[in-house]
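In case you want the letters, here they are:
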Amino acid sequence: MNRATTTLLALFAITASAQVRYEDLLKGPGADWTTYAGNYQGWRFSPLDQITAANAKTLVPKWVYHVPNARGLRSSPVVHKGVLYITNANSVYALDGRTGREVWRYIDTRAKGGGVNRGAALFANRVYFTTGDNYLTALDRETGAVVFSKQFADPSKGISSTSAPLVVKDKVIVGSAGGDSGMRGFVAALSAETGEEVWRTYTIPAKGEKGSETWGELIEWGGGATWLSGTYDPELDTLYWTTGNPWPDFAPGTRKGDNLYSCSLLALDLKTGKMKWYFQFTPHDTHDWDAQSWPVLIDLEWRGQPRKAVLHANRNGFFYLLDRVTGEFLRGTPLIDKLTWATGLDDKGRPVLIPGKDPTPEGNWVCPSVKGATNWMGQSYHPGTGLLYVLTLEQCGFFSTSAQTPQPMKNFSGGGATEEGGQVILRAIDPKTGKRAWEYPMTGAGRMWTGTVSTRGGVLFSGDDDGHMLALDAKTGQHLWHFNMGELLTASPITYEAGGKQYVAIASASAVFAFGLYEPAVSVPVKKVTP
Amino acid sequence: MVRTMRLYACLLLALPLVAQHGRYLNESKNPAIGNPEAIAAGGKLFNGSCAGCHGRDGAGGRGPNLVRRALWHPLSDDAIFKSIRDGVPGADMPPTKLPDDQTWNLVAFVHAISGPAFENRNPGDPEAGSKVFWGSKAGCSNCHSIRGKGGRMGPDLSNIGGSRPLAVIREAIVEPSKDLFLLGNEAVTVTLNSGETIKGVARNRSNYSLQIIDRAGTLRLIDMAGVKDLAVSSKSPMPDGYAQKLTSEEMTDLLAFLARQALRTAEDTYSRGKN
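Protein sequence lines correspond, in order, to chains E and V. Heads up: the first sequence begins at 22 in this note's numbering, then just goes up one per residue. Heads up: the second sequence begins at -16 in this note's numbering, then just goes up one per residue.
Just so you know, these hints were derived from the structure itself, not from any lab. One or more of the hints may lead you astray.
Below 30 Å or equal to it, Euclidean Cα-Cα: the simulated DSSO-like pairs (lysine-lysine) are [unchecked claim]: (1) Lys228(E) x Lys178(E); (2) Lys132(V) x Lys102(E); (3) Lys12(V) x Lys102(E); (4) Lys178(E) x Lys12(V); (5) Lys218(V) x Lys548(E).
What you are looking at is a predicted structure, and each value in this text was computed from that prediction instead of being measured.
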């Protein structure tokens, strides 16, 4: 059989059985897209190049799958051997990546707590996801059958789960949500085989532990949620995870001090969960500026020396470059133009504050807004252009305190925040300098949450603030193509290959769309089914 | 009217999913619900007075089958109480004059037989049933899996006791092709243009593509443009004849074992002591 025939047969039938090995996850995306952020370094970059800056203008929708009862999907798909997996709250859907036809669905109808789910993880022959009430569920990737479903945290302690798990070696790393209502955040490693806990590292120290002196009486409910999945350096065997804001968000008087380890980046040993170092972006945060987006790991030259670096675009308005071996602060530059709470960062990376910017009973206008300069929108690093693509928001907000006594788990954040309209600008940043290479300003009301994926084909896919799917030239930011998805975009695109063809998939608020290059339809003779 | 009927059709399709939830839209707090003594007393009353129409243990007769009710018409406990007390006007169901506590015993019984098997005390030995399930005589695990072990062609049974009444599980074993909505579980034989023949279960299919789990348990995504011939069986892939193949004791034990298969049991739940 010659190669052409083999390829032709592959177009007609895909066998989806091969296992997802650690080595496959280590390699990162190819035809498949196996982890939330693409590769362990958090690049959201694909080596696929069928769709190029030259032919992107011929992109067309290939299929749409309406996720039952979905309103505001936050999920970014993962794909293996032609099957695409998308999550909604307490549910997973496996779809044929070429046609969008459902292969199986799993709905945990007994789960308490709906809300948000950001995606699934793949490993071996399993797909992993977490429920709103903190069950890690492992399903057979091909059949949707339950392998195990095991709870890893107690929802009655204010903890819920939203992030896509990250599988590294034999561990499934999960996070914790709920930091704005009072809870104690953590990162936990669970056995990929059984769901049993291997280790758990709290993001807020217990009373009496080192760091607890940076808190007040409410330390047990201090927040520091881990809303998003993190990244991993295999050579250093280190996980990089960001932590959320301290609680109560807008009542700083109740928690005098830096409130460690909220609004921080933690470097954790994979084997033990032990904290190797931390870097706090916003000590004693008073604006709900979680360290939200995942840390992007790249190697670069810094002052003539090669460095293992970590990039972080923070909600507080600054773009950070740190040494990922030591946590040393190397550089911080403004991510946005409207930044009114700090004049800059000192040589240790600590913000130089402008007085009078904390929330007050009367309220206070501060930029950026509570949504932050960026948030959990998926960023992308393109090793070819050397640029990091970040969705940013130029927006100011109003922050006020409340006279109420803080009560955990009562949806109380110590005050309130509102924001003005604002503008979303997609920015390409050169990590070597922190300077912008280009920007793509958008129209809209500053309500989108979509992110990016970039490809070797030189295309950057994203969404805009008006519900359009976009293809831009990754080098220049020039518009190549757009498609009106008809609703607000709240999830990030990915790209994959199935049956020899490249697709780009993204969830809108209620459906998953897949796009590919235009091809004329081929007539399929209807098969008379014999009994 | 057309719209109403469409809505009704949608509801019918949606209800099996709701039924998996295992319970009613509005559960009563009456202490009889879930109380084994009340259920037993209600059962005695039911089989004495109601079984004439509704069949023994609610299996249906002149009156509706109550056991499969969870698959098509979930009622709240209060609605069942009202139906027993007031009857169903315009139908043959008469009102009753039973005292409240006895009426509630009846409701508790109906609630139990039409709710997930896991919630009830069931006859049989689950340990012995486990041997039947995993053993070669019945061969259940050749096609069905529980918590990651077993075959991959048939539906996963990890939560079968947590989602289906015992009578429904029994019916699926004894009469697998009865009343079955086979879409998603069709036995198919596909011959590709390349000459390869694949036998398996179609999880989904259209005129343009086919998604099947083959006999080896492997998911195959097939483009219908590459298919020469497709044969779809009108019967369930599940074999017939289990009522004859298994002894009555083996069947009871197997059902007791399957009734125990539920997710979100104590062992799945995070120990509060840990945190």
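Hints, one by one, checked against the model:
no., hint, verdict
1, Lys228(E) x Lys178(E), "holds, 17 Å"
2, Lys132(V) x Lys102(E), "holds, 23 Å"
3, Lys12(V) x Lys102(E), "violated, 49 Å"
4, Lys178(E) x Lys12(V), "holds, 26 Å"
5, Lys218(V) x Lys548(E), "holds, 20 Å"
Figure legend: structure checked against the earlier numbered hints; the only hint not met is number 3.
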